[in-house]
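Chains as they are written, first to last, in my numbering: chain A, 1 to 481; chain B, 1 to 178; chain C, 1 to 406.
Keep in mind that the hints are not guaranteed to be accurate.
[What the hints assert, rightly or not] Derived DSSO-like pairs: lysine-lysine, alpha-carbon spacing no greater than 27 Å straight-line:
id: 1; chain 1: C; residue 1: K256; chain 2: B; residue 2: K47
id: 2; chain 1: A; residue 1: K199; chain 2: B; residue 2: K123
id: 3; chain 1: C; residue 1: K325; chain 2: B; residue 2: K52
id: 4; chain 1: C; residue 1: K256; chain 2: C; residue 2: K25
id: 5; chain 1: C; residue 1: K162; chain 2: A; residue 2: K304
id: 6; chain 1: B; residue 1: K160; chain 2: B; residue 2: K25
id: 7; chain 1: C; residue 1: K256; chain 2: B; residue 2: K52
id: 8; chain 1: C; residue 1: K325; chain 2: C; residue 2: K256
id: 9; chain 1: B; residue 1: K21; chain 2: B; residue 2: K162
id: 10; chain 1: B; residue 1: K5; chain 2: B; residue 2: K90
id: 11; chain 1: B; residue 1: K47; chain 2: C; residue 2: K325
id: 12; chain 1: B; residue 1: K47; chain 2: C; residue 2: K243
id: 13; chain 1: B; residue 1: K123; chain 2: A; residue 2: K202
id: 14; chain 1: A; residue 1: K304; chain 2: C; residue 2: K25
[What the hints assert, rightly or not] Simulated restraints, written as ranges between beta carbons of each label pair:
id: 15; chain 1: C; residue 1: V184; chain 2: A; residue 2: L105; range: 42 to 52 Å
id: 16; chain 1: A; residue 1: I207; chain 2: C; residue 2: I310; range: 40 to 50 Å
id: 17; chain 1: A; residue 1: Q369; chain 2: C; residue 2: V127; range: 46 to 56 Å
Hint data in this document are derived by calculation from the structure and do not stem from the laboratory.
Beta carbons are placed, not taken as given, at the ideal position from N, Cα and C, and that holds for glycine.
Each chain, letter by letter, is given below.
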Amino acid sequence: MAQRLEMDPVSGRAPLVLGATSFDELTKAVAAPMERTDWRKWWVAFGVSVSLLGLLLVSVSWLVWEGIGIWGLNNPVGWGWAIVNFVFWVGIGHAGTLISAILFLFRQSWRTSINRSAEAMTIFAVMCALIFPGIHVGRIWMAYYLFPIPNQMSMWPNFRSPLLWDVFAVSTYFTVSLLFWFVGLIPDLATMRDRATTKARKIGYGIFSLGWRGSHRHWQHYEIAYLILAGLATPLVLSVHTIVSFDFAVSQLPGWHTTIFPPYFVAGAIFSGFGMVLTLLIPARVIFDLEHIITVKHLENMAKIILLTGSLVGYSYAMEFFIAWYSGNPNESFAFVNRMFGPYAWAYWIMVSCNVITPQLIWFRRVRQSPLILFILSIFVNIGMWFERFVITVTSLANDFLPSSWGYFRPTIWDLTTFLGSFGLFFTMFCLFVRFLPLVALAEVKSVQPEADPHYDPEAGGVARGDLEGATLAAPEVTHA
Amino acid sequence: MREAKPWGMLAEFENTQTFYKGCEKIRDAGFSRWDAYSPFPVHGLDKAMGLKRSNLPWIVLICGLIGASVGFAMQTWVATTAYPVIISGKPFFSWQAFVPITFELGVLFGAFGAVFGMFGINKLPTYYHPVFTSDRFARVTDDRFFIAVEAQDPSYDERKTKKLLESAGATHIEQLED
Amino acid sequence: MSHGHAPRTVAAEDVIIPSGHALAKLPLIAAVVGLIGIGASFALMGDHPEQFYLSWLTNFAFFLSFGLGGLWFVIVQHVTRAGWSIVVRRAAENLMVTLPVFALLFIPVIMGMEHLYHWVHPEEGDVVLQGKLGYLNTTFFLGRAAFYFIGWALFALFFYAKSVRQDESKAAQISRTLRGVAPVAIVFFALTLTFGAFDWFMSLDPHWFSTIFGVYYFAGTTVATFALLALSAMVLQRGGLLKGVVTTEHYHDLGKYLFAFNVFWTYIAFSQYFLIWYANIPEETMWYMYRMEGTWLYVSAFLALGHFVIPFFYLMSRHIKRNRKTLAIGALWMLMMHWVDMYWVIQPPLAHHHGGHGASLSVLDLTTFIGIGGIFLAVYAWRMRSKALVPVGDPRLAESLAFENL
Numbered sequence: 001m002a003q004r005l006e007m008d009p010v011s012g013r014a015p016l017v018l019g020a021t022s023f024d025e026l027t028k029a030v031a032a033p034m035e036r037t038d039w040r041k042w043w044v045a046f047g048v049s050v051s052l053l054g055l056l057l058v059s060v061s062w063l064v065w066e067g068i069g070i071w072g073l074n075n076p077v078g079w080g081w082a083i084v085n086f087v088f089w090v091g092i093g094h095a096g097t098l099i100s101a102i103l104f105l106f107r108q109s110w111r112t113s114i115n116r117s118a119e120a121m122t123i124f125a126v127m128c129a130l131i132f133p134g135i136h137v138g139r140i141w142m143a144y145y146l147f148p149i150p151n152q153m154s155m156w157p158n159f160r161s162p163l164l165w166d167v168f169a170v171s172t173y174f175t176v177s178l179l180f181w182f183v184g185l186i187p188d189l190a191t192m193r194d195r196a197t198t199k200a201r202k203i204g205y206g207i208f209s210l211g212w213r214g215s216h217r218h219w220q221h222y223e224i225a226y227l228i229l230a231g232l233a234t235p236l237v238l239s240v241h242t243i244v245s246f247d248f249a250v251s252q253l254p255g256w257h258t259t260i261f262p263p264y265f266v267a268g269a270i271f272s273g274f275g276m277v278l279t280l281l282i283p284a285r286v287i288f289d290l291e292h293i294i295t296v297k298h299l300e301n302m303a304k305i306i307l308l309t310g311s312l313v314g315y316s317y318a319m320e321f322f323i324a325w326y327s328g329n330p331n332e333s334f335a336f337v338n339r340m341f342g343p344y345a346w347a348y349w350i351m352v353s354c355n356v357i358t359p360q361l362i363w364f365r366r367v368r369q370s371p372l373i374l375f376i377l378s379i380f381v382n383i384g385m386w387f388e389r390f391v392i393t394v395t396s397l398a399n400d401f402l403p404s405s406w407g408y409f410r411p412t413i414w415d416l417t418t419f420l421g422s423f424g425l426f427f428t429m430f431c432l433f434v435r436f437l438p439l440v441a442l443a444e445v446k447s448v449q450p451e452a453d454p455h456y457d458p459e460a461g462g463v464a465r466g467d468l469e470g471a472t473l474a475a476p477e478v479t480h481a
Numbered sequence: 001m002r003e004a005k006p007w008g009m010l011a012e013f014e015n016t017q018t019f020y021k022g023c024e025k026i027r028d029a030g031f032s033r034w035d036a037y038s039p040f041p042v043h044g045l046d047k048a049m050g051l052k053r054s055n056l057p058w059i060v061l062i063c064g065l066i067g068a069s070v071g072f073a074m075q076t077w078v079a080t081t082a083y084p085v086i087i088s089g090k091p092f093f094s095w096q097a098f099v100p101i102t103f104e105l106g107v108l109f110g111a112f113g114a115v116f117g118m119f120g121i122n123k124l125p126t127y128y129h130p131v132f133t134s135d136r137f138a139r140v141t142d143d144r145f146f147i148a149v150e151a152q153d154p155s156y157d158e159r160k161t162k163k164l165l166e167s168a169g170a171t172h173i174e175q176l177e178d
Numbered sequence: 001m002s003h004g005h006a007p008r009t010v011a012a013e014d015v016i017i018p019s020g021h022a023l024a025k026l027p028l029i030a031a032v033v034g035l036i037g038i039g040a041s042f043a044l045m046g047d048h049p050e051q052f053y054l055s056w057l058t059n060f061a062f063f064l065s066f067g068l069g070g071l072w073f074v075i076v077q078h079v080t081r082a083g084w085s086i087v088v089r090r091a092a093e094n095l096m097v098t099l100p101v102f103a104l105l106f107i108p109v110i111m112g113m114e115h116l117y118h119w120v121h122p123e124e125g126d127v128v129l130q131g132k133l134g135y136l137n138t139t140f141f142l143g144r145a146a147f148y149f150i151g152w153a154l155f156a157l158f159f160y161a162k163s164v165r166q167d168e169s170k171a172a173q174i175s176r177t178l179r180g181v182a183p184v185a186i187v188f189f190a191l192t193l194t195f196g197a198f199d200w201f202m203s204l205d206p207h208w209f210s211t212i213f214g215v216y217y218f219a220g221t222t223v224a225t226f227a228l229l230a231l232s233a234m235v236l237q238r239g240g241l242l243k244g245v246v247t248t249e250h251y252h253d254l255g256k257y258l259f260a261f262n263v264f265w266t267y268i269a270f271s272q273y274f275l276i277w278y279a280n281i282p283e284e285t286m287w288y289m290y291r292m293e294g295t296w297l298y299v300s301a302f303l304a305l306g307h308f309v310i311p312f313f314y315l316m317s318r319h320i321k322r323n324r325k326t327l328a329i330g331a332l333w334m335l336m337m338h339w340v341d342m343y344w345v346i347q348p349p350l351a352h353h354h355g356g357h358g359a360s361l362s363v364l365d366l367t368t369f370i371g372i373g374g375i376f377l378a379v380y381a382w383r384m385r386s387k388a389l390v391p392v393g394d395p396r397l398a399e400s401l402a403f404e405n406l
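Could you build all of it, start to finish, from the sequences and the hints given here?
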């Protein structure tokens with residue numbers, strides 16, 4: 001019979017929490033990061049983040065005052081870092097929804113220790129993404145033009161523009177992710193409320209936990225709502241990055257107009273998002289003593305998803321390249337040759353080595369079971385994906401149909417400071433999250449423990465449930481009547 | 001000063017297994033005004049309590065369809081009547097281009113239906129409830145399970161109900177007041 | 001909810017087709033019917049071979065979906081160490097071992113190359129086509145086809161043979177081996193299916209191109225395969241087999257996958273259409289223009305309505321997915337719509353090049369359906385009869401038997 005603490009050599013179903021941890025021990029482990037007394041290290045991290053956030057505020061203020069000219073945009077490259085950063089941040093957000101929603105639909109219980117922070121990451125990443133369309137319009141006090149609000153000019157938005165679809169898609173994505181995250185938080189906020197020692201905490205957690213008391217009559221509807229939100233969030237996340245890809249693909253520009261962009265962008269987004277999840281959680285699990293809850297198995301599973309989605313991105317590169325030749329369209333083939341050997345070849349090869357070559361290292365078990373190597377790999381994944389958006393955006397614009405229109409794009413210092421500043425927003429939010437909210441979805445982790453099953457019998461060595469370890473090693477006998 | 005009325009009985013259970021059996025016992029005894037409390041949703045407890053399936057999916061479907069219809073109607077009206085502009089040679093009623101926003105609004109309204117529908121059905125937020133008067137009840141969000149039977153239930157009898165809960169495996173029983 | 005802890009067992013009479021059973025006679029009957037269909041098709045070829053070859057290719061594309069979909073399903077279940085699907089995996093394995101036979105069924109396509117593919121005899125002034133001849137030439141085309149079929153056959157037979165060996169040996173090591181080979185198989189599968197779709201279906205219109213075309217064909221194969229897996233289990237259960245082995249829970253999951261992959265198909269189909277519509281570049285839009293001329297417009301509308309809108313609302317219902325009869329209707333409908341999809345992808349050039357007569361069904365569509373389908377069914381039913389209907393040696397069989405949905 002499979003023992004609970006060992007990995008079943010065939011099923012590979014490791015226990016989701018290491019060490020025989022009771023529900024109470026889980027509660028304490030998850031609550032600990034919020035209940036510490038020594039906040040010095042947190043203040044250091046928060047200080048650095050807020051400084052970067054300050055850099056963002058300065059950059060945006062200067063932009064609003066002086067105009068878009070402070071950036072490097074010019075003819076022919078009218079789209080520069082703003083849209084690259086936008087797509088970069090939106091893409092990162094997608095991993096959170098995949099972990100929350102899609103892995104939930106696939107009944108992958110291992111998601112429960114990482115989904116809370118991944119969803120938080122989604123919300124913060126989308127906030128960072130939304131900055132760029134907001135500030136790049138030039139006269140941001142007229143940003144209300146983007147919304148279908150009746151106005152004195154009798155003007156309405158252009159619903160045929162993919163940029164407007166983005167407004168709806170990313171706003172919806174932000175709203176639904178926030179709702180999904182909040183709904184998941186309610187039981188854990190109730191836990192924090194019941195553990196609160198100060199009046200401020202009791203009131204704060206109390207208000208937001210909505211008076212949750214763990215009633216099963218509530219859990220019943222709650223679980224259905226959760227399932228439905230997961231079912232809605234799945235097509236939503238696919239549609240959001242699809243619509244983002246439409247920004248490029250509906251055009252007629254070689255290198256942009258290709259039918260595989262929607263699934264290619266989605267795969268790339270998930271790829272970069274998981275990179276960021278690893279970048280955040282590998283240090284966090286050490287800093288907050290959560291290594292027995294966010295285990296090496298979790299990191300390994302995430303690495304495999306990176307390998308899968310990285311391979312899908314590689315497949316898409318291959319398709320684009322082949323069809324660019326097969327189409328017989330000289331502009332298409334030029335666009336791809338130009339990417340590889342033209343003025344931006346340096347960016348192209350950074351992209352290929354980070355996106356195609358580095359993830360292939362994950363085939364090796366030593367790589368995917370080492371948190372340190374995975375951390376370094378995850379940084380490369382994100383560098384590669386930023387460069388992918390850069391290569392797509394800039395090379396097709398810099399060298400389009402007529403050589404007389406060609407021009408080289410160079411970013412300015414303000415492009416750089418705005419981008420770095422967006423990381424300030426991201427990490428500031430993440431610091432606040434880590435301080436005041438549970439990093440792990442406590443109720444969910446408890447619910448996938450073997451002891452949570454009403455028919456669990458420790459004597460018999462496990463239950464025959466689809467997603468828990470406990471499958472017998474020996475196949476059942478075929479009986480002959 | 002309001003007189004403290006007995007509200008009901010609160011029984012505590014130590015693990016999921018006894019808790020589940022306890023719920024089955026209460027269900028079989030014919031109680032209707034009772035509830036079960038746990039730190040996480042226990043699988044199969046819907047059946048053990050005899051609960052009917054939730055109507056939430058219907059609410060979500062209707063909200064989603066309303067959202068999609070609103071989205072499509074809005075775009076159609078704007079593009080054909082309110083502010084018709086020829087964009088890249090496409091017809092005014094370019095329904096293909098209306099698909100993305102139609103889809104997004106459908107999802108958005110559906111999500112509102114799921115979340116606020118669930119809050120509505122569960123009557124959340126509800127900040128006060130008699131079970132909160134028990135000190136031990138704070139462990140419901142940690143590692144203990146509870147069954148509360150209301151005194152208003154027709155089958156409620158202080159002595160018999162207490163015996164029933166004890167036989168089901170409750171480790172601690174207390175009376176609650178309103 | 002499972003109420004016991006003892007590993008569930010399967011009885012031999014549930015998983016082995018007895019020799020006198022009606023289903024045991026199916027391979028022979030199907031083979032005979034298939035040969036009759038093929039014979040009739042050749043007889044009807046007459047003076048217009050183009051219709052014959054297009055009908056043959058349509059039905060080839062349709063039935064090949066099951067072989068490829070079966071291979072994909074098996075590989076993915078191994079890679080993900082899935083537990084729920086063990087009881088239906090043997091059906092998918094039986095589907096994938098039909099792949100070698102498709103190499104034989106490909107022969108008429110080779111015979112008809114010059115009728116099907118205009119790049120076989122390109123015009124002198126067609127510069128664009130001349131540029132592609134390095135890829136689109138008969139020798140390379142045949143070489144690639146051989147490569148695909150040999151690779152598919154090798155992987156399919158490897159996974160099948162190991163699984164069947166595990167029935168006897170119950171060796172857990174076999175599962176580990178298959179899990180190790182599966183990722184390699186996925187890479188091979190993805191690339192060969194893509195280029196197979198390019199070669200056989202996209203090059204029917206050699207001036208047209210779409211980077212997502214391989215994914216489009218793939219999406220269709222997944223929908224068709226989930227539908228057929230559900231229907232196969234139902235037919236076997238009607239025949240008194242698999243009692244208590246394939247449960248409502250498994251049908252529910254198959255239904256969910258059918259729904260989900262149909263939405264995926266819709267997403268891919270719409271992406272392709274929408275981007276080409278929006279940019280409005282003639283060298284791309286002409287493929288869709290053929291499919292909007294005359295009565296083809298009705299076929300396109302029927303495809304959109306019947307492959308997406310109706311199944312979306314139908315298969316959304318939990319109740320429908322958990323009821324065998326209603327799920328069967330949904331699965332049969334999806335099979336029909338997949339056929340319409342193949343017809344819509346493959347046959348319009350005929351109408352266009354022969355002076356715009358609209359969409360019509362020819363008797364050759366029916367006879368080649370019966371012909372290719374009969375042979376396919378014969379091989380599928382033969383494998384069903386030869387070995388156990390579920391992988392009785394798989395260590396996760398108990399988990400699959402006890403599986404319950406949320």
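Open item on the list: With the threshold set at 27 Å, check whether the alpha-carbon distance from K21 (chain B) to K162 (chain B) stays at or below it.
Closed with: 16 Å, holds
Open item on the list: Next pair to validate is K123 (chain B) with K202 (chain A); report whether the Cα-Cα distance is within 27 Å.
Closed with: 21 Å, holds
- [ ] Mind checking the alpha carbons of K5 (chain B) and K90 (chain B) for me, to see if they're no more than 27 Å apart?
- [x] Violated - the C-alpha atoms of K90 (chain B) and K5 (chain B) are around 72 Å apart, more than 27 Å.
Task: Restraint status (C-alpha distance of K325 (chain C) to K52 (chain B) at most 27 Å) - done: 24 Å, holds
TODO: Below or equal to 27 Å on CA atoms is what counts here, so check K47 (chain B) against K243 (chain C).
DONE: With a Cα-Cα distance of about 25 Å, the restraint between K47 (chain B) and K243 (chain C) holds, given a limit of 27 Å.
TODO: Just tell me: holds or violated, for the beta carbon distance of I207 (chain A) and I310 (chain C) against 40 to 50 Å?
DONE: 46 Å, holds
Open item on the list: K304 (chain A) and K25 (chain C) were given as a pair; does the straight-line alpha-carbon distance stay at or below 27 Å?
Closed with: This hinted pair is violated, its Cα atoms lying about 45 Å apart.
Open item on the list: What's the verdict on K256 (chain C) and K52 (chain B), does the C-alpha distance respect the 27 Å limit or exceed it?
Closed with: This hinted pair holds, its Cα atoms lying about 23 Å apart.
Open item on the list: Hint check: K47 (chain B) vs K325 (chain C), CA-CA at most 27 Å. Holds or violated?
Closed with: 25 Å, holds
Task: Range agreement (Cβ of V127 (chain C) with Cβ of Q369 (chain A), hint 46 to 56 Å) - done: 54 Å, holds
Open item on the list: With the threshold set at 27 Å, check whether the alpha-carbon distance from K256 (chain C) to K47 (chain B) stays at or below it.
Closed with: 23 Å, holds
Open item on the list: Next pair to validate is K160 (chain B) with K25 (chain B); report whether the Cα-Cα distance is within 27 Å.
Closed with: 13 Å, holds
Checked against the numbered hints given earlier, the structure breaks hints 4, 10, 14 and 15 and satisfies all the rest.
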